[in-house]
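Can you make the complete structure from the sequences, with help from the hints?
Protein chains: 2
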Amino acid sequence: MKKEIILTGDRPTGPLHLGHYVGSLKNRILLQDTCEQFVMIADIQALTDNFENPKKVHDNVMQVMYDYLSVGLDPKKTTFLLQSQLSALPELTMYYMNLVTVARLERNPTVKTEIKQKGMEKSIPAGFLCYPISQAADITAFKANLVPVGEDQLPMIEQTNEIVRSFNRLYKTDILVEAKGLVPQCARLSGMDGQAKMGKSLGNALYLSDSADLVAKKVKAMYTDPGHIRVEDPGKVEGNTVFEYLDAFAHDKVVVASLKEQYQRGGLGDMKVKNYLLEVLLEMLEPIRASRVLLEQNQDEVKKILFAGTQQAHEVTQKTLNEVKEVMHLIWK
Amino acid sequence: MKKEIILTGDRPTGPLHLGHYVGSLKNRILLQDTCEQFVMIADIQALTDNFENPKKVHDNVMQVMYDYLSVGLDPKKTTFLLQSQLSALPELTMYYMNLVTVARLERNPTVKTEIKQKGMEKSIPAGFLCYPISQAADITAFKANLVPVGEDQLPMIEQTNEIVRSFNRLYKTDILVEAKGLVPQCARLSGMDGQAKMGKSLGNALYLSDSADLVAKKVKAMYTDPGHIRVEDPGKVEGNTVFEYLDAFAHDKVVVASLKEQYQRGGLGDMKVKNYLLEVLLEMLEPIRASRVLLEQNQDEVKKILFAGTQQAHEVTQKTLNEVKEVMHLIWK
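From first to last, the protein sequence lines are chains A and B. Number 166 in our numbering belongs to position 165 of the first sequence; there are no gaps in the numbering. Number 100 in our numbering belongs to position 99 of the second sequence; there are no gaps in the numbering.
None of these hints come from the bench; they were simulated from the model. Quick caveat: nothing in here was measured; it's all calculated off a predicted structure. Please note: incorrect hints may appear among the correct ones.
Just so you know, same-sequence chains aren't split out, so a pair can sit in one copy or run between any two.
To be verified - Straight-line distance between alpha carbons at most 27 Å, and here's what the computed BS3-like set of lysine-lysine pairs gives:
1) 305 to 320
2) 334 to 320
3) 326 to 304
4) 320 to 304
In structure tokens form, the structure reads like this:
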């Protein structure tokens, strides 16, 4: 049996947070043991809605690398790569652009939602509308057959597979490979303010790189049960972000169960629960932060890791590109 | 004073005809003496509406090279290049795609007309809609400041210049260069059937590679004055394709003037005028065809010329790409 090939990654638009940790990083740490895993820092994709601020994108590349390595992604098991350094990806994008109609792109539910969120209705840049095609280029270039995605990103996988089928049919080949979306089982982590999603732009994120003081400050301000005014009042556990985080991060399930019971009965103050959560989080984050300090001191080593992986990715993607060009009669010798 | 830099070229979708010769090739033969001229065989652009038939595009690359060299384009003065072999072009296209809205592309008059002609209204491929951006990548990659175009292609130059201005403003640079459209003074050559345009798909073209027999056959069937039935009738010269061609190709203007006079007066048969035109055309086409025979026998040499030029073009376009990536903070060392 062939090993599964995974392509995953992040847009380098900011440091990674607990939401990323729960939603994807933890999963990648497991998957790197059993699959061939490529983790892409998608700077070109980040530029589709950050083209006015390329410096921000640039500066976050290394931040994301520190995040990756400090949580335990291992360069011996995972290949890291920087999207902008691989010319095969735009080449493939160009060829695939012939196979997708504008109408089809405009119907993509993920893109539709994002266009609304960003208020782009009247002026969608071509690059933004076409980024599902660019994603298809990324996925197929690595012949990835497994792509970890959120539920809302599944239409992207469908778009990729449509391109794969069109291409293979049109050019009478089977070189391109369909991909399966891998939706993580864990629920999405709420923001610290109780909003359904943690996000940089929402201002409700706890970053893997936050200092202990900042973690303490953010935990202190966390959303709990707004009806829980006095210590002696009974409090709600459902929808209480502090308990959600305890469920996600505390190892001692017995302690958590007893805290929940006490909280619901009344007589347990928010501060006490928060202090316990702080302890749990610091215990988890401390080694990550310590590792990060070391990595930041060895910036050149980290760069080397990224570019060794990018070189490997270059070879993989060029090989696919050559196969694609071969069946399109674009190879000249 | 810096030399003008010209980018021009053709889609390799068929052999070149007399319309190309009058409309562009003759001009290029002059321009190669005074300008730095790049002539691109635009196979990637040809694929935007021939993606279902890449073999046709492939096979016409060498045909177009034979046409170029046989009419007198000189590899010592002109750099030939094959678009698909230059990865800088799709990379630049990707960056520029962020700077152009979908609405702007949909307003492009040239694209609008072509979409109508091709009956694509309901299903425009993304690659076709975006090809003005790809053209902008071609032009700017060579820093071309002069682009020979038909009147109807001027909106393409305007699109390129909009991208140049947006890019330079956004990234606070002046590396990209605006281009001027060079509209040829000569009138467009009609088709042999009297239609306003000569075109492969219109079936009214005389190819540079047509045999003498075929030229004779096509000239015999040419459109003249439909009211000129009997030899002794007066005939019309205006709108008479045979006389249009004589004006375009006959060197002896005195003979042409006297033929016109006789024709309008009455007493000159179409066959006689056509025979004279045939003489004129064969005199012009014979050396071109002889040269072509030699070139076809030296296919490897011709390929070498194309790929030596493409290598030179690779260096030029990579240099521009590096400058572009530098100001976008995408260069990593």
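Now the hints, each set against the structure:
1. 305 to 320: both (23 Å within a copy, 24 Å between copies)
2. 334 to 320: Answer is both; intra-copy 16 Å and inter-copy 24 Å each pass.
3. 326 to 304: between (31 Å within a copy, 18 Å between copies)
4. 320 to 304: both (24 Å within a copy, 24 Å between copies)
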